[in-house]
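A.B. asks: The primary structure of each chain is shown beneath.
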Amino acid sequence: MLNDVIYGFSVALTFGNLFYCFLGVLMGTLVGVIPGLGPVAAMSLLFSATLKISPVSGMIMLAGIYYGAQYGGSTTSILLNIPGEASSVATCFDGYQMARQGRAGPALGISAFGSFIGGTLSVVGLMLAAPPLANFALKFGFPEYFSLMCLGLVIVTFLAKGSMLKAMMMAVLGLFLGTIGIDIIVAKPKFTFGINILMDGLGVVPVVMGLFGVSEVLLNIEESLKTEVFKTKISNLLPTIQDWKNSIWSILRGTVIGFFLGILPGGGALVSSFASYAIEKKVSKHPEKFGTGAIEGVAGPETANNAAAGGAFIPLLTLGIPSNAVMALLLGLMLSHGVQVGPLLLRQHSDIFWGVVTSMYIGNAMLLVLNLPLIPLWVKILKIPYPILFPLILLFCVIGSYSLNNNIVEVLIMIVFGIVGYLMKKFEYEAAPLILAMVLSPMMEDALRQSLVVSHGNILIFFTRPISVTLLSIALILLIFPIFLRRFKARNG
Amino acid sequence: MNRDRLSSLICMVISALICFGSIKLSLGRIQNPGPGFFSFIAGAVLGILSIAVFLRNFRSSAKEERNFFWPDLRRGLKLICACIALILYAIGMNLLGFFFSTILFLGFLLRAIGSQRWSLTIYISILGSALSYVIFQFWLDVPLPKGIWGF
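Those protein sequence lines, which keep their order, are chains A and B.
First residue of the first sequence: 1, per the numbering used here; consecutive thereafter.
First residue of the second sequence: 1, per the numbering used here; consecutive thereafter.
One chain only, chain B, in its complex shape:
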């Protein structure tokens, strides 16, 4: 198993899904192509190319890679935590409002992932949140989400 074999397999699945979806949208006739025409071609080409990449990596001359994905499991877990934090931050913004959710977001990233001291974490979270609130909401006139308590 190596990088390219795995990724080309994934792309083959994606291409099948794209083609299937495109057919459902109707391909039309060549004189009058339908909505699914272009995406079907794109999906089909993707499928053909993925098969080519897969076959290229099937010969014995292809290199074997083990453990190419996350050599350091701890850092991989940090990555997953950061992603979850991002998603929760995006969803939570509407609930808690920009100001508070940003403090929590910055704080979590600084402390849990960046391993900073508590004092620095709190200082930067609050400062960063307040500064961006002022710059974007008031100076640049960009509306930021307000939470259940109005700001």
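In isolation and in its complexed conformation, chain A is listed as follows:
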């Protein structure tokens, strides 16, 4: 193991990769700070540029954007009560209150330190958990993969914010969208309507940028174009000893919560930050202080969302299954480079695995150093009014999707999904299940069909193999659980 880590550092500490890491975390923080522009958009923009550099360097940079954005999102949450990132919403509750009491500095400070600790420790977890998990996954055959992906989708819908039924609808719709393209087995085009570029399927990047980026801008155009600017000086960035004493357990709890929730598909930074906030409130001796500026309410969620970023890499790097939209993009990157994803990644491309993992240590350290001094700069950027910012955001989205294949059809796909995403937001449907299902769909379809061919049409193959039936049973429990919960609640008034 130590050899692997040293190898990883030898990959990550090259001049080029250090530069890409720095670029990634810098862009990530910037993007996290600007509301409405998420890590997904930034990663998509640089996606085509990463195709020209080695897969290791590309992954290092894009990974840096992801966890960098978690850092950046906290700045706007604390200063403006506007979450720069969905995962920073929980930070708004107490962080903004602390800022209003003149304690913006310590809030930002503890959030930076907590993020560093959470991010670093979760990378340790990733390092320890991934190799054994990858070994275990080597036993997986087609039925196991199919059941695993089913479970993954069920978990995503279970963790969805709104109605589970509606989240499932989006998931199956995503499964359908993933079938668009050329059939793997029969080589017939499916649902392409004669449009050439659809032969490769709907690209992840245009769909993600549309559903998450463009739709957000459209929603803002329709609902409001105003943002408030917080006019105050930020002095005294360091938290006091008392602050540290209050926060240290929140930070440790946040790390554990974030790491494990980050592994789950559809879990990730958002769920972890909310879970951490709820738990901090529950275990606190002064729960009434939450919402008025309790530093634990900042330390916990901020640590959790960075820890989740680390945990989210586990399914991708060990099983080849993305747990959220960001991981889906990274999966797309690796596939474009012809990298074999799945449990064999560790063996065949150990430079990618260990290089990326060690670069995450470096990246977290860079972010700690970057964040505190650069806060005045981020505040300046935040003062750009949204009516000026949103055309630029749309411009970057357009460039990002065009640059993939030099084809305006991809831009049009992005716009279509931007409108779809807007409608989904209006009608209260979740986008995450759709995108995850869309990415998993080709793999799921392949696993399903191969399983049925191998078993000569016997569906019981999914239920007779031990790993597969275990996975499906967990999925079934998660599906039925809410129904029982509702009946239980109704009976007890």
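Rather than coming from a laboratory, the hints here were simulated on the basis of the structure.
Relax, there's no trap hidden among the hints.
Subject to a maximum C-alpha distance of 27 angstroms in a straight line, what follows is the list of computed DSSO-like cross-link-like pairs (lysine-lysine):
1. 188(A) with 24(B)
2. 285(A) with 245(A)
3. 282(A) with 489(A)
4. 78(B) with 383(A)
5. 78(B) with 426(A)
6. 425(A) with 78(B)
7. 245(A) with 289(A)
8. 245(A) with 281(A)
9. 245(A) with 282(A)
10. 281(A) with 489(A)
11. 52(A) with 146(B)
Put chain B on the given structure of chain A with help from the hints.
C.D. replies: Showing chain B alone in chain A's frame:
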């Protein structure tokens, strides 16, 4: 009529279309599933779930929502204009080239939708267009569309 009733109806139509298309692609047999097999299952499940959501909203306890879509019609129109601008921009890029079409795009959004002053609009449109052209075309080596006059 409420949000969920309307959206579930739309999804029911979509699911019917998906299933119909999948059948045309051939479902195959269970021992040898065809290209339409997986998408048919997806479409069918979508249909069943939409019916469930629809029925859930059909009872008298379901809330009635009027006017949930565009309470402010003016902003809704701004939204439609922005969408049309996006589509025209995408199509027009190949004709006018990246540089000029971007200036027009940014200008329209800044002025018509963001209601900025003319001076600021012109300044940001040209600056934004030029900067992105330089950054993406020259520094990051991303080919941007060239118009009928070559750049």
